[in-house]
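First residue of the sequence shown? That's 149 in our numbering, and the numbers climb one at a time after it.
The hints are simulated quantities; they were obtained by calculation from the structure and are not laboratory data. Do not take every clue at face value.
What the hints assert, rightly or not - List of simulated lysine to any residue pairs, SDA-like, C-alpha gap at most 25 Å:
(1) Lys306 to Asp437
(2) Lys421 to Asn395
(3) Lys199 to Thr301
(4) Lys388 to Pro426
(5) Lys388 to Asn345
(6) Lys318 to Asp456
(7) Lys306 to Thr266
(8) Lys451 to Cys337
(9) Lys312 to Ser296
(10) Lys388 to Asp241
(11) Lys315 to Lys361
(12) Lys315 to Asp225
(13) Lys281 to Lys361
(14) Lys196 to Asp225
(15) Lys451 to Asn314
(16) Lys306 to Asn395
(17) Lys451 to Ala287
(18) Lys445 to Val274
(19) Lys281 to Leu427
(20) Lys388 to Thr351
(21) Lys199 to Glu229
(22) Lys388 to Met322
(23) Lys199 to Thr211
(24) Lys193 to Asn220
(25) Lys196 to Ile237
(26) Lys312 to Asp437
(27) Lys361 to Glu372
(28) Lys361 to Lys421
(29) Lys451 to Gln321
(30) Lys281 to Lys193
(31) Lys312 to Ile373
(32) Lys199 to Ala336
(33) Lys306 to Ala466
(34) Lys388 to Asn220
(35) Lys315 to Arg414
(36) Lys312 to Lys451
(37) Lys189 to Gln258
(38) Lys196 to Glu212
(39) Lys281 to Lys189
(40) Lys377 to Gly355
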Amino acid sequence: MTSTSAIPAEVSCFYDKNLLVSATPLLLHTKWAQVRDIPRKAGTKIIKFRKYSQLAAATTPLTEGITPVGSNLAVTDITAEALQYGDFITVTDVLDFTTEDPELTIAGEQLGLQAGDTLDQLTRDVMAAGTNKYFGGSATLRSQLTASDLITTTLLDKVIRLLKNNKARKVMQMVNPDAGYATTPLNACYVGIVHPNVSYTLTGLTGFIPVEKYANKANVMEGEIGSYKEIRFVETTNAKVFPLEGNGVDVYATLIMGMNAYGITRISGEAMKNIVKPLGSAGTADPLDQRATSGWKATFVAKMLNNDYLVRIETGCAA
């Protein structure tokens, strides 16, 4: 999608595909979200997620001929506003005619990586602000964590117990951006997002099964490194890190979730655009045809929908 007719359609399509291919692989944190888009021209940028509380079991026997009191639905509305994000790169005419590299193509690649990283980090930070958390070692606060307070099977077992007690359903599908945000089915599991510095310890825990030893590799997720009991782990350097917020050390957050813990929203048709302005397209603002630009623009918001369905483990990492 370009913003000027000065670029042939086939070239415009190439630029757009180049940006989107670069953006897609980094959207790791958005893959297990509810996706609820706002229709274009709907008159609002605000999305409303609605959830209903489960009714208590009706264990009191009915009295013959007497109508029971009945129950009421308990509704909780969660709202979020889709905001715009974006950036651009300027390419000068001198750079264009003196270098061997296709500068606008390279700009599209770099902007795609930036766009993916931006949306991934926005989602990650919302997830990492959840209320359920465990700390490594004997720490009860993030500031008490040291490099020796590592992830353990005890912590993982506590997470599984908490998610089950909170009635968190296991994840059974993930968003597949390559197919227009369609979903891909998964074998039921809880999903953990872990930093490589933590997976260094995680993969050595008793009971951890590396992905190459799976009996069935049909539904292996991008970045998946293995599983522990009912948790399947994916690894990314974009996992949440709290720099130097421990006892003189960085603190690493491992996020473990069930289904419907969080959601993401875009405005339909405005989710992601690559905007290319060729040399001379600015008219009198660029009278000597000296500047071309390539940029991206997106509407996006991530929102926690149920804190009970996501748990954060905060730990140090082994040297």
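Can you give the numbers of the hints that this structure goes against, from lowest to highest? 1, 2, 3, 4, 7, 9, 10, 11, 13, 17, 19, 23, 24, 25, 26, 28, 30, 34, 35, 37, 38, 39
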